[in-house]
Amino acid sequence: MKLIRDFEYPPELEADFTKAKRLEWITIFYLLSTIVVMYLTMGNSQAMKTAWFEDLLSLTPSVSFLIASRIFLKKPNKEFPYGYHRVVSIAYLCSSLALFAVGGFLIIDSAITLIEQDRPTIGMVTLFGKSFWLGYLMIAALLYSALPSVILGRLKLPLAEKLHEKNLYTDAEMNKADWKTALAAIIGILGIGLGWWWADAVAAALISLDVIHDGYKNLRQAVLDLMDQIPKTVNNQEDDPLMQQVKDYLLRKKWVREVEVRFREEGHIYVGEGFVVPEPGQADNLTQLIADTTEQITQINWRIHEFTIMPVKELPQNHEE
Amino acid sequence: MLSALLSCDTFPKDPDKTLEKVRNGQLLVGYSENPPWVIKSKPAPTGLEAELIKTFARDLQANIVWQNDTEEDLFEKLEKKKLHLVIGGFTDKNSAKSKISFTRPYLKKEKKKHVMAVLKGENAFILQLEKFLHAQETKLNATTAP
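Here the protein sequences come in this chain order: A and B.
Just so you know, we're using our numbering here: the first sequence kicks off at 1 and counts up by one.
Just so you know, we're using our numbering here: the second sequence kicks off at 1 and counts up by one.
Derived from the structure by calculation, the hints contain no laboratory data.
Any given hint could be a false lead.
Keeping only pairs whose Cα atoms sit at most 20 Å apart, straight-line, the calculated EDC-like set for lysine to aspartate or glutamate is [claimed, not checked]:
#, chain 1, residue 1, chain 2, residue 2
1, B, 80, A, 116
2, B, 99, A, 109
3, A, 74, A, 118
4, B, 77, A, 118
5, B, 13, A, 118
6, A, 253, A, 210
7, B, 112, B, 33
8, B, 13, B, 33
9, A, 217, A, 173
10, B, 99, A, 116
11, A, 247, A, 228
12, B, 82, A, 116
13, A, 253, A, 292
14, A, 254, A, 210
15, B, 81, A, 116
16, B, 80, B, 59
17, A, 254, A, 279
18, B, 81, B, 16
19, A, 19, A, 161
20, B, 112, B, 71
21, A, 130, B, 137
22, B, 21, B, 33
23, B, 139, B, 110
24, B, 17, B, 79
25, B, 82, A, 118
26, A, 180, A, 210
27, B, 99, B, 69
28, A, 232, A, 260
29, B, 17, A, 118
30, B, 80, A, 118
31, B, 80, B, 20
32, B, 113, B, 59
33, B, 54, B, 33
34, B, 99, A, 118
35, B, 113, B, 92
36, B, 77, A, 260
37, B, 82, B, 71
38, A, 247, A, 279
39, B, 81, A, 118
40, B, 131, B, 33
Model, not experiment: these values are computed from the prediction.
Please model the entire structure based on the sequences and the hints provided.
Right under this line is the structure:
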């Protein structure tokens with residue numbers, strides 16, 4: 001059976017890949033610490049509970065990135081001739097589905113709190129021999145859950161683009177936006193302090209909306225990826241210009257009269273086909289021409305992992321532009 | 001808002017201004033008998049928790065209006081805001097409905113953590129009571145030590 005080539009990041013990206021993995025490990029340990037701190041301080045506050053769930057869930061992209069990054073480097077074999085790249089898309093689907101589902105649960109939960117006029121009780125806490133209102137400690141915990149997260153997000157974003165890594169990108173985006181969650185929860189708690197019992201549940205609802213929005217955006221992308229949508233850029237979901245580049249490259253070849261290409265994404269990498277109508281009179285060395293051109297095309301960018309050239313008599317008429 | 005944050009006396013506030021109403025006014029206390037915590041007697045209950053609440057009311061210059069009933073009925077009145085707090089030797093294992101709140105444990109005895117039931121979400125009032133109970137902790141541990 002014809003297997004696709006082994007995959008490794010090109011040498012110039014190896015360092016970035018290692019750095020991304022290290023940042024994800026830091027993220028996981030940091031998030032675990034915020035989850036503990038927030039759990040201990042969350043008390044009776046709906047907004048804190050919602051923010052806690054969001055932090056808990058924001059573990060999934062980093063965990064799935066690290067798990068996937070162990071698996072996708074495995075060699076293709078007879079059972080999996082296309083290799084293990086799809087594992088990245090599956091991990092992406094799981095993390096976005098979790099986000100979306102829990103967002104839905106949380107908004108219902110906040111709505112019930114509001115409708116039942118359930119008033120949050122936040123009492124006293126003693127810490128280091130001092131006793132004070134627990135609300136202040138909650139605010140401190142929320143600040144701790146937000147500020148380092150924003151920095152981690154900003155560090156991971158450029159790496160995600162370079163590595164064409166959507167899991168990492170989702171994760172970075174979520175980290176970067178985490179201050180909004182913390183701010184909403186802080187306002188909710190200050191609201192409780194001012195005697196506005198509803199402020200907490202309203203803040204919680206706003207946070208859940210944000211979770212749902214993130215979840216939907218990513219879930220949609222994950223499904224589109226698994227359905228073999230054409231490759232899109234990681235940062236803005238535009239058609240990857242690489243496809244046009246390959247087509248133009250083929251058209252510049254003297255032996256090529258007409259060409260049509262198609263690509264699909266397998267995790268980080270693209271697998272594609274080119275349907276070529278050769279100029280007449282190439283029958284003798286057509287195989288050699290195809291082999292050489294195929295080789296050159298996979299050199300254009302590391303993302304084009306495998307490209308197959310198929311000589312055809314004429315291009316199919318049913319294609320759309 | 002900032003000035004409210006800086007002065008600890010007025011932050012947090014109660015949604016229903018319970019603490020304001022109680023201070024120099026009436027403290028509505030429900031009790032169900034549970035010796036030695038609460039002992040029924042005339043004209044007012046005695047027992048460790050009853051005495052604590054008397055001191056708490058004195059600090060707030062409030063008159064106590066006592067009401068005796070079963071735990072279940074008292075909790076229902078508390079939920080309907082007809083009482084401010086309920087005592088009866090409750091522990092933190094009490095599984096009463098979520099429409100009322102309990103203070104943080106103010107005393108640990110024989111591995112049981114003792115609490116009082118309070119109006120839900122009246123955070124200034126609850127904080128005031130918890131601070132009062134916390135201040136009594138050393139004295140309580142000394143008197144109830146085996």
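Sort out whether residue 118 (chain A) lies within 20 Å of residue 81 (chain B), counting only the CA atoms. This hinted pair holds, its Cα atoms lying about 13 Å apart.
Can you confirm whether the C-alpha distance between residue 247 (chain A) and residue 279 (chain A) stays at or below 20 Å? This hinted pair holds, its Cα atoms lying about 16 Å apart.
Do the alpha carbons of residue 77 (chain B) and residue 118 (chain A) lie within 20 Å of each other, as the hint requires? 16 Å, holds
Going straight from one Cα to the other, do residue 13 (chain B) and residue 118 (chain A) come out at no more than 20 Å? At roughly 16 Å apart (the allowed maximum being 20 Å), residue 118 (chain A) and residue 13 (chain B) satisfy the hint.
So if I understand the rule, the pair passes when the alpha-carbon distance is 20 Å or less; does residue 113 (chain B) with residue 59 (chain B) pass? 25 Å, violated
Quick one, are residue 82 (chain B) and residue 118 (chain A) close enough, alpha carbons at most 20 Å? 17 Å, holds
Please verify whether residue 131 (chain B) and residue 33 (chain B) have alpha carbons no more than 20 Å apart. 25 Å, violated
Against the 20 Å threshold, does the CA-CA distance of residue 54 (chain B) and residue 33 (chain B) hold or violate the hint? 16 Å, holds
Are the Cα positions of residue 253 (chain A) and residue 210 (chain A) separated by 20 Å at most? 50 Å, violated
Would the hint linking residue 19 (chain A) and residue 161 (chain A) be met if the CA-CA limit is 20 Å? 13 Å, holds
Are residue 247 (chain A) and residue 228 (chain A) close enough, with their CA atoms no more than 20 Å apart? 19 Å, holds
Do the alpha carbons of residue 99 (chain B) and residue 118 (chain A) lie within 20 Å of each other, as the hint requires? Holds, because 7 Å separates the two Cα atoms, which is no more than 20 Å.
Checked against the numbered hints given earlier, this structure breaks hints 3, 6, 8, 14, 16, 22, 32, 36 and 40; the rest are met.
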